[in-house]
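Just so you know, the sequences run in chain order L and W. In this note's numbering, each number is its position in the first sequence, counted from 1, plus 51. In this note's numbering, each number is its position in the second sequence, counted from 1, plus 51.
All clues stand as given, with none of them false.
Since copy identity is lost for identical chains, a pair holds within one copy or between any two.
The calculated lysine to aspartate or glutamate pairs, modelled on EDC-like cross-linking and capped at a C-alpha distance of 16 Å, are:
| hint | residue 1 | residue 2 |
| --- | --- | --- |
| 1 | Lys62 | Glu76 |
| 2 | Lys185 | Asp131 |
| 3 | Lys376 | Glu392 |
| 4 | Lys185 | Glu219 |
Note that these hints are calculated values from the structure, not bench results.
Protein chains: 2
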Amino acid sequence: MTAEEAFSFLKRGTVEIVPEDEFLEKLKSGKRLVVKLGADPTRPDLHLGHAVVLRKMRQFQELGHKVVLIIGDFTGMIGDPSGRSKTRPPMTLEETRANARSYVEQAGKILITEDEARFDLRYNSEWLEPLSFKDVIFMASQLTVAQMLEREDFKKRYTENVPISLHEFLYPLAQAYDSVAIGADVEMGGSDQRFNLLVGREIQRAYGLPPQVAFLMPLLVGLDGREKMSKSLDNYIGIAEPPEAMFKKLMRVPDAVLEDYFELLTDLEKAEVKALLEKGGPVGAHRVLARLLTGAYALPRIPARIDREFYEALGYRLEAAGSDKTPGESQFPEITRAVAEAEARYDRVAKGGIPEDLPEVAIPPDALKDGKIWVARLFTLAGLTKSNAEAKRLIKDRGLKIDGEPVTDPMLEVELKKPLVLQRGRDKFVRVRLTQAEPASE
Amino acid sequence: MTAEEAFSFLKRGTVEIVPEDEFLEKLKSGKRLVVKLGADPTRPDLHLGHAVVLRKMRQFQELGHKVVLIIGDFTGMIGDPSGRSKTRPPMTLEETRANARSYVEQAGKILITEDEARFDLRYNSEWLEPLSFKDVIFMASQLTVAQMLEREDFKKRYTENVPISLHEFLYPLAQAYDSVAIGADVEMGGSDQRFNLLVGREIQRAYGLPPQVAFLMPLLVGLDGREKMSKSLDNYIGIAEPPEAMFKKLMRVPDAVLEDYFELLTDLEKAEVKALLEKGGPVGAHRVLARLLTGAYALPRIPARIDREFYEALGYRLEAAGSDKTPGESQFPEITRAVAEAEARYDRVAKGGIPEDLPEVAIPPDALKDGKIWVARLFTLAGLTKSNAEAKRLIKDRGLKIDGEPVTDPMLEVELKKPLVLQRGRDKFVRVRLTQAEPASE
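Can you build the whole structure from these sequences, using the hints too?
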């Protein structure tokens, strides 16, 4: 591949490369590029939003470049230094290491992590802890207060009088110094990281290094169809979710963002996606997306390209536009079986059926009074409702069922002589049964 | 003295003590208080503006408390870390030490500096250099960006779009940590230091120390009658100026601020000052002020009180309201002689006379052409005008004289056969003479 070809290949799907000409120069140099990604050790659960960035990094690896994953343990171990927030306790060294291992394990579904020439894992406390007050002053002097307040979130908070702790202005410097420490050629991030990545350029320059190129990837919208995918908004699809959960969630991607999901998470050609949407409609397209991604993420490592070839290797045909529910011969029989089972389960539930494999919750005998339990309390104990009040509300809307029958009386007392299947909405099921009396301990 | 009496005594002349009740508590504790003053090692020239604060510290010393002078060598040695300003080059260790010695030598005119129980000199690099990035983050987290932007000068610059380098937000933290390092009970400063001194309280609290009390002193207006006294505005009276210069400058204090000078720089009672202004008018009051301060600062160390008693010890009588130009018997004969000579010189010049002792400037022969030199060039070479253009302007206003005669022709060519007395305005004189041909070097 020539430098120009690599440039086009890597540019695909990005929001912006800052600056493009420097990136082309770097590719032309023939150097093995150092491609940086910062990881927050407080949030080790990766979802498909992360996959957008990680897949781009995998492409760099496929071209022989080196990915350096930086675990931000320095700030993680500081926690909230003002002590005001109880939600960000300082992490121990062990916690950051455990989370980093989990992060790498998950990222290993996408990145090549076992080849030292193409992957490295670093902890930024290694170089941030030895930094002195003088170093911090030097870095800070490269920026102005006005520049910091131009950053989207700071600007918003400042305008709305939401306090910004002064130390928050120092965190972009820490991240920028990471780029100095590892000599990053490229830093990857979501488009909301633009400011931080450009600070990295400034600080590298101040230390006499060639500045990195900022590689900005689009943000994947979550299942709500509005917000950026994130765990805290519960609109996410985890990359390590079991096939049935992933398949089900992918079938629920809002129609309006379906094309984005194809664009950002697969390598199907635009024309292929268009044909698919025309021929199969949203339902057919959903099925193809769900099969493609469920199949890809069921592999120990996703394929370099999630494209027509991979789809066909699973035993499906793109032209069938999702109507081929029984797959043909597969190069990955186990994977295809898992995908097909997830699809079958999805279809059974969609038709109002009860799936076979249900989570079970044991109800302790002392939760019953005279052999009965209040229906609201039962659903809450089973974890299907957050509170008795929520359960009552849902019963009014006919949103809760027992053994397939809607509950109508919010004050119903339920006997629990035999296991019951509780259902919330169309597809949340739990089987409840009374706990057996425990045998006396020996 | 009881704690309450000490409180009243020390409160006199302050703008604000924050908070007063804590200060009284500290006095009641009977502890020897640590009274901090930060000194900028880039500006070692002390003037009467500094004296306002230093005299208050001397009062603490007279009561047995300990003054700690902190030389801000940490930031001095950093200079302008952005490298943008050529006016603040980093200082060397030697420069900061030399400036500190000069500072202490001058401050020793006011403070008791030779008693270890009452004076200490510290360099803040001692504790600021070892601070880590983590320490800085901890300190920064105690403040918000909005708080920083409430500081008068930052607010103004931010509003007017004058860039604020981010590191400037860190300097108040450095100064605050000085208070932690020495366990300051009181920090002294001009009223424009209010913000910084209060940051000191926050940071001490964050480190679990009892917070210091901020002692805010009024700002002395300079000889221009408008701006705060400062060397850069050239409206200052240095505390180490020779008696004749100090006397002359004090006679030029604008009438509108004359009472402030008495209030802030002497210990005369308000009633005494009032009587003086009524009886002697501004001229008489000026003479008393000039004699008092010229006398006080001609001593190796100013007296604990610059009051009626000291004035009389110099051989003058307050009731004479400045009309007693020939002093009576003095307890400090040499000092009184110096004051009287300065006054006599002032009077001679005021009457249009030429003083006897003039600075001399040698003009090199090659500055002349055909034995003559252009008058504008001559005044500029003599240092009385900043440029030939300024000289020409002043000649038009009849502001330059040679041997007592106003120069009227701006193109005049001057012969320099004998020494001439050049004069600018009423009281700036220089004697110029041609350099002798240098003897050949051996």
